Amino acid sequence: MDFLYHTWHWSVAGFLIALIMLSLNYFGKVFGMSSNLRTLCTLAGADKCADFFKFDTKSQYWNLLVVLGAMLGGFVAVHFLSDPSNVMLNPETIKQLATMGIDAPNGKLLPNALFGNEVFQSPKMIFILVVGGLLIGFGSRYAGGCTSGHAIAGMSNLQRQSLKAVIGFFVGGLIMSHFILPLIF
Amino acid sequence: MKSLKFILVGFIFGIVLTKSEAVSWYRIYEMFQFQSFHMFGIIMVAIATGTVGLQIIKRNQIKSSNGKPIEIADKEKGSFRYWIGGLFFGLGWALVGACPGPIFILLGAGFLPVIFVLFGALLGTFLYGLIKDKLPH
Numbered sequence: 008m009d010f011l012y013h014t015w016h017w018s019v020a021g022f023l024i025a026l027i028m029l030s031l032n033y034f035g036k037v038f039g040m041s042s043n044l045r046t047l048c049t050l051a052g053a054d055k056c057a058d059f060f061k062f063d064t065k066s067q068y069w070n071l072l073v074v075l076g077a078m079l080g081g082f083v084a085v086h087f088l089s090d091p092s093n094v095m096l097n098p099e100t101i102k103q104l105a106t107m108g109i110d111a112p113n114g115k116l117l118p119n120a121l122f123g124n125e126v127f128q129s130p131k132m133i134f135i136l137v138v139g140g141l142l143i144g145f146g147s148r149y150a151g152g153c154t155s156g157h158a159i160a161g162m163s164n165l166q167r168q169s170l171k172a173v174i175g176f177f178v179g180g181l182i183m184s185h186f187i188l189p190l191i192f
Numbered sequence: 169m170k171s172l173k174f175i176l177v178g179f180i181f182g183i184v185l186t187k188s189e190a191v192s193w194y195r196i197y198e199m200f201q202f203q204s205f206h207m208f209g210i211i212m213v214a215i216a217t218g219t220v221g222l223q224i225i226k227r228n229q230i231k232s233s234n235g236k237p238i239e240i241a242d243k244e245k246g247s248f249r250y251w252i253g254g255l256f257f258g259l260g261w262a263l264v265g266a267c268p269g270p271i272f273i274l275l276g277a278g279f280l281p282v283i284f285v286l287f288g289a290l291l292g293t294f295l296y297g298l299i300k301d302k303l304p305h
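Protein chains in written order, with our numbering: chain A, 8 to 192; chain B, 169 to 305.
Don't take each hint at face value.
[Stated by the list, open to error] Cross-link-like lysine-lysine pairs, in silico, DSS-like; alpha carbons within 27 Å at most:
#, chain 1, residue 1, chain 2, residue 2
1, A, K36, B, K170
2, A, K65, B, K173
3, B, K245, B, K302
4, A, K36, A, K61
5, A, K55, B, K300
6, B, K236, B, K170
7, B, K170, A, K61
8, A, K36, B, K300
9, A, K61, A, K102
10, B, K245, B, K226
11, A, K36, B, K173
12, A, K65, B, K231
13, B, K231, B, K170
14, A, K61, B, K226
15, B, K245, B, K300
[Claimed, not checked] Taking beta-carbon pairs under 10 Å as the criterion, some of the chain B residues facing chain A (in silico):
#, residue
16, V191
17, I196
18, H206
19, S233
20, N234
21, G246
22, R249
23, G258
24, I271
25, A289
26, G292
[What the hints assert, rightly or not] Which stretches of chain B does chain A cover? Using the computed rule of at least three CB atoms under 8 Å from a CB of chain A, they are:
#, stretch
27, 171 to 184
28, 210 to 221
29, 235 to 245
30, 259 to 270
31, 275 to 284
Calculated directly from the structure, the hints in this document are not laboratory data. This one's a predicted model, so the numbers in the text were calculated from it and none came from an experiment. Every residue gets a Cβ at the ideal spot worked out from N, C-alpha and C, and that includes glycine.
With the sequences and hints as input, model every part of the structure.
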């Protein structure tokens, strides 16, 4: 069972992600994680402020259950299936990160520079995380989907609109990664 | 039983994304720097498998578990919203290294500072809902 602890091969992961999408289709649903953000807004009372949030949240409970399961899955994978060999990056990437003052993974999923508990004492880092979230939330609703809805589900269903969104994702990502991140760190 | 199957699908999703490290900020950075094939491989295999699977469903008119035909709605027509919305999303994705699925998965795994990302994402979604009608789509 050693293979469970190591980094899963991309081909295995890609195949399983497609099966997850297909099983949701089989249950009469569609794969899309960012829709849950809208449901959570409605549950928090956003329907009193904008018509966009007026919908029957019951029709989306199944998706919140997927979220709940995903959170449990994340918990189990991190606490019971981790191994120091995880997140073996390209050495070139680690060198580049060091010049920006971002710690190497050494088996960790997330850098302390962005997600360590010291972040709670850093208004700058909190601001960066909120802004990043803001872009994700705003962008995914504006584009009508995120990586799951457009890149996986939409592209698999040969949707031209999803291709546009995915190109947008990558253009935005490249601008951030190559031009803005070095200015922040 | 009805709820359990969705929790189970989510559970597998959480494990797959964590163990393939698609939830890792590092992997997203490495992808956008073109220094590893890993993330590209995951996305491409998922799309290829998904395309074949959906074709099988469509050609054999496979019914869903509740006996209804499986119908997947086409995305709304338009261009601007996809390019520009996508661009915003990509900026955020590369900054915090997480898309909506991983935000939840990482929170479940106990990475508490991700709560700020979730807060921002809810705020962004709310903002979109407020100004939706004024935006070009």
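*Is K170 of chain B close enough to K61 of chain A, meaning Cα to Cα at most 27 Å?*
Answer holds: K170 of chain B to K61 of chain A is near 25 Å, not above 27 Å.
*Okay, the stretch 275 to 284 of chain B and chain A, do three or more residues pass the C-beta test at under 8 Å?*
holds (count 9)
*Within a Cα-Cα threshold of 27 Å, do K65 of chain A and K231 of chain B meet the stated pairing?*
23 Å, holds
*Holds or violated: are the alpha carbons of K65 of chain A and K173 of chain B at most 27 Å from each other?*
17 Å, holds
*asked:* Check the hint pairing K61 of chain A with K226 of chain B against an upper bound of 27 Å on the C-alpha distance.
replied: 32 Å, violated
*Grab the minimum C-beta distance from I196 of chain B to chain A and call the hint holds if it beats 10 Å, violated otherwise.*
Constraint on I196 of chain B satisfied, holds at 8 Å.
*asked:* Can you verify the interface hint for G258 of chain B: is its Cβ closer than 10 Å to any Cβ in chain A?
replied: With a minimum Cβ separation of about 2 Å from chain A (threshold 10 Å), the hint on G258 of chain B holds.
_Hint validity - A289 of chain B Cβ closer than 10 Å to any chain A Cβ_ = Nearest chain A Cβ about 4 Å off; hint holds.
*Does V191 of chain B meet its interface restraint, that is, does its C-beta lie within less than 10 Å of any C-beta in chain A?*
6 Å, holds
_Stated coverage of the stretch 210 to 221 of chain B by chain A [criterion: 3+ residues, CB within 8 Å]_ = This one holds; 11 residues, not fewer than the three required, reach chain A with a Cβ under 8 Å.
*Within the stretch 171 to 184 of chain B, is the number of residues with a Cβ closer than 8 Å to a Cβ of chain A three or more?*
Check passed, 13 qualifying residues.
*With a cut-off of 10 Å on the beta carbons, see whether N234 of chain B makes it to chain A.*
6 Å, holds
Checked against the numbered hints listed earlier, the structure breaks hints 9 and 14; every other hint is satisfied.
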